[in-house]
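2 protein chains.
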Amino acid sequence: MPDYSIRRARREDIGPIVRMLADDQLGATRDDPADLEPYLLAFDEIDADPHQLLVVVVSEDEPVGTLQLTIIPGLARRGALRGQIEAVRIHADHRGSGLGAELIRWAIEESRRRGCALVQLTSDTSRTGVHRFYERLGFVPSHTGFKLKL
Amino acid sequence: MPDYSIRRARREDIGPIVRMLADDQLGATRDDPADLEPYLLAFDEIDADPHQLLVVVVSEDEPVGTLQLTIIPGLARRGALRGQIEAVRIHADHRGSGLGAELIRWAIEESRRRGCALVQLTSDTSRTGVHRFYERLGFVPSHTGFKLKL
Chain V
1 MPDYSIRRAR REDIGPIVRM LADDQLGATR DDPADLEPYL LAFDEIDADP
51 HQLLVVVVSE DEPVGTLQLT IIPGLARRGA LRGQIEAVRI HADHRGSGLG
101 AELIRWAIEE SRRRGCALVQ LTSDTSRTGV HRFYERLGFV PSHTGFKLKL
Chain L
1 MPDYSIRRAR REDIGPIVRM LADDQLGATR DDPADLEPYL LAFDEIDADP
51 HQLLVVVVSE DEPVGTLQLT IIPGLARRGA LRGQIEAVRI HADHRGSGLG
101 AELIRWAIEE SRRRGCALVQ LTSDTSRTGV HRFYERLGFV PSHTGFKLKL
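Chains V and L, in that order, are what the protein sequence lines are. Quick note, the first sequence lines up with residues 1 to 150 if you use the UniProt record's numbering. Quick note, the second sequence lines up with residues 1 to 150 if you use the UniProt record's numbering.
All the pointers check out, no bait thrown in.
Partner residues aside, some chain V positions facing chain L, computed with beta carbon under 7 angstroms:
#: 1; residue: Leu41
#: 2; residue: Arg112
#: 3; residue: Ser142
#: 4; residue: Leu148
Here chain L is said to cover these stretches of chain V; the calculated rule only asks that three of the stretch's residues, wherever they fall, bring their Cβ under 8 angstroms from a Cβ of chain L:
#: 5; segment: 28-37
#: 6; segment: 69-77
#: 7; segment: 117-128
Rather than coming from a laboratory, the hints here were simulated on the basis of the structure. The beta-carbon is built from N, C-alpha and C at its ideal position, and this holds for glycine as well.
Using the sequences and the accompanying hints, generate a full structural model.
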């Protein structure tokens, strides 16, 4: 991956990240990059929390991929830490290049480096292509993910 | 639920909580209450993190139920907080009494109180009875949950 680098997200990356969140079959109805204010407030909270790591993949100084890694302490599995991956997006112009796999492998390695015993994520059941992608990376679809909107 | 109360877990609850984690079809191979040291270390980390809330249901001064609620800040859904429920257990002697539903309803209300837009959890696909339980509480099984052991 010679033309890409992965780094911690900065405040000025929030516009490009939110455009990636909104440019998505499911995110389009839920996110709106026209008003960044709520996203900047959320970014400040994420950035101040040592258990959160929001990253971007950068190509030619532009964010073209993103994910959020959350490190969750717990009692189960002998007090194991778990790494949780959320909000994975790759810019439409950079899909199919192997970039998504590199980004997930990076998150797996970062979880390992932080002492996690497990990495977990959920994916909408309608995203069947995405499921094969995670299985190829070694993930097992062992769970059902439930959501309740408040 | 007149005979039960829900409160934040304390260090002295860790023995009873780990016994509940281990007294489970899946947890039996993963958890061992004979050595509490790794669990106490994990408890200290959970207890020090303002985004984590480990609770117990107490009956006659004994913990008979537990769950962990994690509040996760994120950018998606206009910078929404989400409440994540993990490690739900009810003591074998207290199952079928409606206590589990009360505990989950409590976690939903606590997530709402903290400003979350969503509550999420995953459940092993083999626990089909548990899935009906969450659907009755209003959860939608919209996602596939992937795990990768490190």
